[in-house]
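Undergrad: Next come the chains, spelled out residue by residue.
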Amino acid sequence: MTVDLTPADYPLSINRPELLRTPTGKALADITMAAVVSGEVTAEDLRVTPETLVLQGRIAESAGRRQLGENCRRAAEMTAIPDAEVLAMYNALRPNASSAAQLEEIATRLEGTYSATTCAALVREAAEVYAARNLLADDSGEF
Amino acid sequence: MTAVEPRPQTAEVRASKRTEILENRPVNLDGFVEEWPEKGLVAMESDFDPQPSIRVEGGRIVELDGRTREQFDFMDTFIADHAIDVDTCEQAMAIESVEIARMLVDPRTSRADVVALGRGLTPAKILDVVKLMNVVEIMMGMQKVRSRRTPANQAHSTSAKDNPIQVAADAAEAAVRGFAELETTLGVLRYAPLVAIGLQVGGQVGRGGVLTQCALEEATELDLGMRGITAYAETISIYGTESVFVDGDDTPWSKAFLASAYASRGIKMRFTSGTGSEVQMGNAEGRSMLFLEIRCILMAKGAGVQGLQNGSISCIGVPGAVPGGIRAVAAENLVASWMDLECASGNDQSFSHSAMRRTSRLVPQLFSGTDFVCSGYSGVPNKDNMFAGSNLDTEDYDDWNTIQRDMQVDGGLRHVREDVILQVRNKAARALQAVFAELDLPAITDEEVEAATYADSSDDYPDRDVLADLEGARSVMERGVTGLDLVKVLERSGFGDVAENYLQVLRQRVSGDLLQTAAIFTGDFVPLAAVNDANDYAGPGTGYRLSGERWEELKKLRHVTSAENPEEEVV
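First to last, the sequence lines map onto chains A and B.
Take the first sequence: its position 122, counted from the start at 1, is 122 in this note's numbering, and no numbers get skipped.
Take the second sequence: its position 192, counted from the start at 1, is 192 in this note's numbering, and no numbers get skipped.
Just chain A, same shape as in the assembly:
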């Protein structure tokens, strides 16, 4: 389903709630205090889905914010990655933290395991720049 969105659709929570679902498939209106107390709504429900992030990215782009739209697309890919692994990948992107091979391994995993192609592209781009600016960790075994 492709939905054309414009700034007039924002906020989605008010103007287009029918487009929104929690990761477990509940509607926004299902997140009530009664459902929280009964345990029907869990912390898992209070997360954004990749579909919603893509919708927000389209709104951003329709308002002329190309880069914010791209960020939403990368974020949509990242929803599948567990919290700890997201943090580990971030740490691996710090300067002098990873070798070229290690960064390529992360890019491959992003692509293969999570279908996160735009995130993988960002990591490969970083690897290229880090190589040029001497910000890669030495490969273990070299020197």
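No lab work stands behind these hints, which were simulated from the structure alone.
Just so we're clear, the structure is a prediction, and the values are computed from it rather than from any experiment.
Careful: at least some of the hints might be erroneous.
To be verified - Just so you have them, the derived chain A footprint on chain B, three or more residues with Cβ under 8 Å:
(1) 490 to 499
(2) 511 to 522
(3) 525 to 531
For glycine and all other residues, C-beta sits at the position ideal for the given N, C-alpha and C.
Fit chain B to the given chain A structure using the hints.
TA: Chain B in isolation, oriented as in the chain A frame:
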């Protein structure tokens, strides 16, 4: 701080009585230095800054501000590949800087047009434009290009003793006074979970729709956000030179990845940067403070983060010490807004002993209006401000409200009656008392609740058992307590309205609405962003005007004499 002792008067030189008075004025405790452009100790006018240039080949920027691609450092590469619009840049760069500066000031040029043009400009060109603008022109520009139509404000709620009850009570008071966002940080980092819970619970007592954050190192800050104990993040620092960026243990790519990580959890986030940070960290690479800050702004834009906290922030003593420095700080806020980012415009860390200087530093942002005039305003006495003091604090509340009324400007606050303030402070402390009891954390006594209701500073509270609290803080993290757990606890302890407010904040993550530029909540939880509340200023009579119910609210002060009976005060 920039304080130094006044120069001693030697016995031989007799000074006039007037000089003695002037020597003793607070402004003479401030630090001032000469410019040193070779080291980057210069606000915005330096012969060592590059000349603007751009060249595109094969759909790629191959020259940026005098450097070819082989000479690019990583800031140049990131800005060229992510921030600048390749299709429009050559055309945009061909326009005379003075023409662009006039477009920024002239209300007949729309925000949309000047923002679109800005997408094609390089850092040196942007600097060339804003260098032409005096401070009033900068304010004219800001009034038009800030992204959200309705201005807002942010408070700091911290405690010199990391006392969570104090943080909760002051958060509740700040919320009821009108702040849209509340930020805390710690003296002892391990206290973070308890203080962040205090901030969140207190904020939701004050009014609906308040967003909270806890400034920590990147990984812990993200962790608290993912658990739903905080609602947004801001202290994601970026820098204008490659060497200082690397010293900060990050790169534009690691920060861009982090920006997406926050968005992937539905959490609002902005970066932080500011003039003076590079020279303070010892590697400005001979560029002016504003040139380097403009690189930060373009880096943030390229990363696709919705906003930026800038306005020198914790380095304000540096631009504050050089000629034209505070003008440069106003200009950096202008550029962030012009680049279509949410701007939380500083006016936070203390930089001057002079009340007049502190007020004058605030004028460009308060009078033009910004997305957050302060980032933040100390909602606690200065000695309790753990962000190293603040330009404005709780003692200034009535002055702020009076300036809003005098100038008919909206700085996001309002006067609140004493009985209401006491009521929300008391309720915040009681709500936190219930949360601590339910979570089996070290008890909050009735004596502490009473103290929180009437206190000013951390001195007015009974001391906590710090070791027991730290043990409790550890257990909160180990048990994996989430925001939803806190909602449930509040609901079953009789604080249903607070629980409902908190649940609404967590619920918005599902919609992602707070990820749009400059998003805040109204008191009724309607998201207000630069999408549905886009700034439409187009000259006199347009844009945000203080009128109607809000203006009536701002006419109220602590003491206003009745027109009908001069013996009475209006309540």
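Undergrad: Please go over all the hints and tell whether each is borne out by the structure.
TA: Here's how the hints hold up against the structure:
no. : hint       : in the structure
1   : 490 to 499 : holds (count 4)
2   : 511 to 522 : holds (count 6)
3   : 525 to 531 : holds (count 5)
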